[in-house]
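Quick note, in numbering that gives the first Met the number 0, the sequence shown goes up one by one and the last residue is 79.
Bear in mind the hints are in silico, worked out from the structure with no lab data behind them. Beta carbons are placed, not taken as given, at the ideal position from N, Cα and C, and that holds for glycine. Worth double-checking, as some hints may not be accurate.
Within a straight-line C-alpha distance of at most 25 Å, the following computed SDA-like cross-link-like pairs (lysine to any residue) qualify [said to hold, decoys possible]:
hint, residue 1, residue 2
1, K50, V22
2, K61, R40
3, K50, E33
4, K73, Y11
5, K61, S19
6, K61, P42
7, K73, A15
8, K61, Y3
9, K73, P42
10, K50, D77
11, K73, D25
12, K73, R29
13, K73, E1
14, K50, E1
What follows is a list of derived Cβ distance ranges for each label pair [stated by the list, open to error]:
hint, residue 1, residue 2, range
15, D72, Y11, 28 to 36 Å
16, R43, M21, 28 to 36 Å
17, R65, E39, 15 to 23 Å
18, M67, R2, 14 to 22 Å
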Amino acid sequence: MERYYTVSQIAYRLSAHSCSRMVSEDAVYRWIREGLLQAERIPRNIRGVGKYPYWVEETGLKAFLREMNYNVDKLFPDNE
0 MERYYTVSQI
10 AYRLSAHSCS
20 RMVSEDAVYR
30 WIREGLLQAE
40 RIPRNIRGVG
50 KYPYWVEETG
60 LKAFLREMNY
70 NVDKLFPDNE
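Can you make the complete structure from the sequences, with help from the hints?
Put into structure tokens, the structure is as follows:
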């Protein structure tokens, strides 16, 4: 089963695992808006998703982050 991450979860994870890169929700949403990161709108019946109601499949997110030179293995360990 594919795992999904919201814009706020992505921003938090990227910021928490890097002492030099702070990533805001606005930055993640910009990647989505520019077509760099593929996302789906979260259905209205799901609440509490933050400022931007989008989520991203884990496989697409990992591929995008590898292109952006993030350490994907550190951000998304297999044992989670």
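So, going through the hints one by one against the coordinates:
1. K50 <-> V22: Distance ~15 Å between K50 and V22 Cα, so the pair holds.
2. K61 <-> R40: 19 Å, holds
3. K50 <-> E33: 18 Å, holds
4. K73 <-> Y11: 14 Å, holds
5. K61 <-> S19: Holds, because 20 Å separates the two Cα atoms, which is no more than 25 Å.
6. K61 <-> P42: With Cα atoms ~23 Å apart, K61 and P42 stay inside 25 Å; holds.
7. K73 <-> A15: With a Cα-Cα distance of about 11 Å, the restraint between K73 and A15 holds, given a limit of 25 Å.
8. K61 <-> Y3: The hint holds at about 11 Å.
9. K73 <-> P42: Answer violated: K73 to P42 is near 30 Å, above 25 Å.
10. K50 <-> D77: Not OK: K50 and D77 at ~28 Å, beyond 25 Å, violated.
11. K73 <-> D25: Distance ~23 Å between K73 and D25 Cα, so the pair holds.
12. K73 <-> R29: Holds - the C-alpha atoms of R29 and K73 are around 24 Å apart, at most 25 Å.
13. K73 <-> E1: Holds, at about 19 Å.
14. K50 <-> E1: 23 Å, holds
15. D72 <-> Y11: 28 to 36 Å: 18 Å, violated
16. R43 <-> M21: 28 to 36 Å: 30 Å, holds
17. R65 <-> E39: 15 to 23 Å: 21 Å, holds
18. M67 <-> R2: 14 to 22 Å: 19 Å, holds
In the structure shown, a violation is registered for the earlier hints numbered 9, 10 and 15, in ascending order.
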